[in-house]
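Trainee: The chain contents come next:
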Amino acid sequence: MSDSPFIARGFHAKRAPAKPDRLPPGQYETRDFPVLSAGPTPHTPLAKWSFTIEDWAGHSLRWSWDEFQALPHQTPTVDIHCVTKWSKFDTKWEGVSLDTLLDAARAAGVVEGDHVMAFSDGGYTTNLPLADVRGGKAWVAYGYDGAPLPAEHGGPARLLVPHLYFWKSAKWVRGLRMLQGDEPGFWEQLGYHDRGDPWREQRYQGDP
Amino acid sequence: MSSATKATPEVTSARSTPVRLEWRVAKVKAVRDETRHVRTLVLDVPEWPGHRPGQHVDVRLVAEDGYQAQRSYSIASPPEVPSVELTIERLDDGEVSPYLCDMLAPGAGLEVRGPIGGYFVWDVSLGGPLLLVAGGSGIVPLMAMLRHYAAADAASRATVPARLLYSARSADDVIYRDELARLATAAEIDVRFTLTRGAPPQWSGYRRRIDRAMLAEVGWPPPTGAQSYVCGPTPLVESVANILVELGHDPSHVRTERFGPTG
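Protein chains in written order, with my numbering: chain U, 1 to 208; chain S, 209 to 471.
Bear in mind the hints are in silico, worked out from the structure with no lab data behind them.
Since we're looking at a predicted model, the values are computed, not measured.
Watch out, some of these pointers could steer you wrong.
One side only, chain U facing chain S, incomplete, derived with CB under 10 angstroms [as the list claims (entries may be wrong)]:
no. : residue
1   : Gly26
2   : Thr41
3   : Ala70
4   : Pro72
Subject to a maximum C-alpha distance of 27 angstroms in a straight line, what follows is the list of computed BS3-like cross-link-like pairs (lysine-lysine) [said to hold, decoys possible]:
no. : chain 1 : residue 1 : chain 2 : residue 2
5   : U       : Lys48     : U       : Lys88
6   : U       : Lys85     : S       : Lys235
7   : U       : Lys19     : U       : Lys92
8   : U       : Lys14     : U       : Lys85
9   : S       : Lys235    : U       : Lys14
10  : U       : Lys137    : U       : Lys19
FRET-style restraints, in silico, Cβ to Cβ [unchecked claim]:
no. : chain 1 : residue 1 : chain 2 : residue 2 : range
11  : U       : Gly143    : S       : Arg405    : 31 to 41 angstroms
12  : S       : Ala362    : U       : His43     : 15 to 25 angstroms
13  : U       : Leu46     : S       : Glu255    : 31 to 41 angstroms
14  : U       : Gly181    : S       : Arg415    : 53 to 63 angstroms
15  : S       : Asp419    : U       : Ala147    : 19 to 29 angstroms
Beta carbons: idealized from backbone N, C-alpha and C, even for Gly.
All chains, full assembly: derive it from the sequences and hints.
Mentor: This is how it looks when you write it as structure tokens:
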């Protein structure tokens with residue numbers, strides 16, 4: 001075990017990062033958009049797609065694809081950070097703010113918890129504190145770089161929570177389940193951190 | 209997080225006191241050239257907790273001036289051997305892989321932490337039949353599975369037939385070529401190759417990108433409940449995983465690991 005870093009003799013930066021203040025510790029900038037998923041890419045027809053916010057007491061609010069498209073949308077430009085070490089700057093998205101969705105759900109009687117579990121086609125889940133998806137910090141995105149979001153990047157729609165590592169931005173998202181207390185999602189059960197703040201380098205369980 | 213972690217709910221009970229994965233300074237015991245661009249580092253990691261076939265480690269390089277770079281590399285060695293082997297493709301334009309391939313000689317130190325990842329793993333207890341599909345250096349985590357398979361007793365192997373389909377650019381780009389030939393005979397693993405950018409005249413394997421006809425030929429029929437693991441560049445993994453599902457395989461039995469090369 002080592003608290004102070006071991007110096008790799010002879011190693012030096014190949015090129016200085018262009019925007020070091022935007023690069024969290026241990027990350028490097030990529031211009032590509034790598035794809036990482038645990039299984040095959042699901043292909044859900046839009047006619048069968050819906051987005052649901054539900055609580056533990058049986059209340060829920062559900063939008064069809066057309067209803068979802070009719071909601072007010074935003075076009076955030078954000079930096080994203082993957083736990084596999086790449087970061088990508090100035091990515092351009094189109095989608096609905098989770099504030100819009102959560103406000104509508106609350107008005108419809110859905111009880112808010114202190115955490116949410118996002119769930120997706122293909123069985124993927126990820127847990128998030130409610131505070132991380134409220135306050136203009138999170139979206140359900142269906143557009144990327146001026147075009148519909150491609151399936152391999154999570155289309156028709158994915159969560160976008162850019163201030164956390166990107167596994168929290170669940171691909172193929174179909175809804176949020178309110179939680180009273182935190183529960184681990186898919187990767188969180190397999191050793192990844194419950195919150196995943198890249199600036200604190202919360203990659204794995206046990207990281208500070 | 210322990211080496212025994214499984215993708216089952218029981219792990220939640222073990223999460224209450226998470227132990228941090230600490231950085232450890234491994235010692236390079238040996239280096240081995242696999243191809244012109246690929247080298248294996250054999251590492252002695254102090255207090256290595258063990259791993260499951262398919263898991264990876266993080267590597268950290270810290271320069272004298274404090275600059276640091278991290279990358280993830282799959283573990284190529286099976287749990288049965290005490291050392292941890294990383295097989296690294298050298299990317300000329302990369303920052304970390306040229307250092308690992310060119311600068312590290314036996315006796316050198318290297319910071320690692322792990323093992324990481326608990327989904328793209330297979331061991332004999334998970335059963336089969338087993339289909340492994342690799343593209344390029346995507347063979348590395350699958351090699352840990354094959355070496356583990358070969359280390360199992362013959363009776364266990366007899367209940368879990370295993371096949372590997374490995375796509376490489378050319379015969380010279382095939383990593384672990386001799387060892388795969390040995391494993392095919394010694395452990396009765398059905399090993400098939402396809403070369404996408406030219407094959408030698410007497411080549412008896414496939415000569416094209418992996419397609420539906422090839423997977424229908426090499427893969428297990430869907431009712432067998434086969435476990436499939438696909439690792440390689442994103443276009444190959446997307447295509448292979450989609451075809452396996454189209455052929456009738458249960459998507460939850462098709463596990464993927466996609467990467468561009470990591471520099």
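Trainee: Each of the hints needs a verdict: does it hold here or not?
Mentor: Tested hints:
Taken as an interface hint, U/Gly26 checks out: its beta carbon lies about 4 angstroms from the nearest beta carbon of chain S, inside 10 angstroms. A least Cβ separation of about 6 angstroms between U/Thr41 and chain S falls short of the 10 angstroms threshold, and the interface hint therefore holds. With a cut of 10 angstroms, the hint placing U/Ala70 at the interface with chain S is violated, because the nearest CB-to-CB distance is about 31 angstroms. Because the smallest distance between the Cβ of U/Pro72 and any Cβ of chain S comes to about 33 angstroms, over 10 angstroms, the interface hint for this residue is violated.
For the suggested pair U/Lys48 and U/Lys88, the alpha carbons sit about 32 angstroms apart, so the restraint of at most 27 angstroms is broken. Of the pairs offered as hints, the one joining U/Lys85 and S/Lys235 holds, with about 23 angstroms between alpha carbons and a cut-off of 27 angstroms not exceeded. Pair hint U/Lys19 plus U/Lys92 holds up; C-alpha atoms about 18 angstroms apart against a cutoff of 27 angstroms. At most 27 angstroms may separate the alpha-carbon atoms for a hinted pair to count; U/Lys14 and U/Lys85 meet this at roughly 16 angstroms.
Straight-line distance between C-alpha atoms of S/Lys235 and U/Lys14 comes to about 24 angstroms, which keeps the hinted pair within the 27 angstroms bound. At most 27 angstroms may separate the alpha-carbon atoms for a hinted pair to count; U/Lys137 and U/Lys19 meet this at roughly 22 angstroms. One distance hint, 31 to 41 angstroms for the beta-carbon pair U/Gly143 and S/Arg405, holds here, with the actual separation near 36 angstroms. Here the CB-CB span from S/Ala362 to U/His43 is close to 41 angstroms, at odds with the stated 15 to 25 angstroms.
In this structure, U/Leu46 and S/Glu255 break the distance hint of 31 to 41 angstroms, their C-beta atoms being roughly 52 angstroms apart. The beta-carbon spacing between U/Gly181 and S/Arg415, approximately 56 angstroms, falls within the hinted interval of 53 to 63 angstroms. The hinted range of 19 to 29 angstroms is satisfied by S/Asp419 and U/Ala147, whose Cβ atoms lie roughly 27 angstroms apart.
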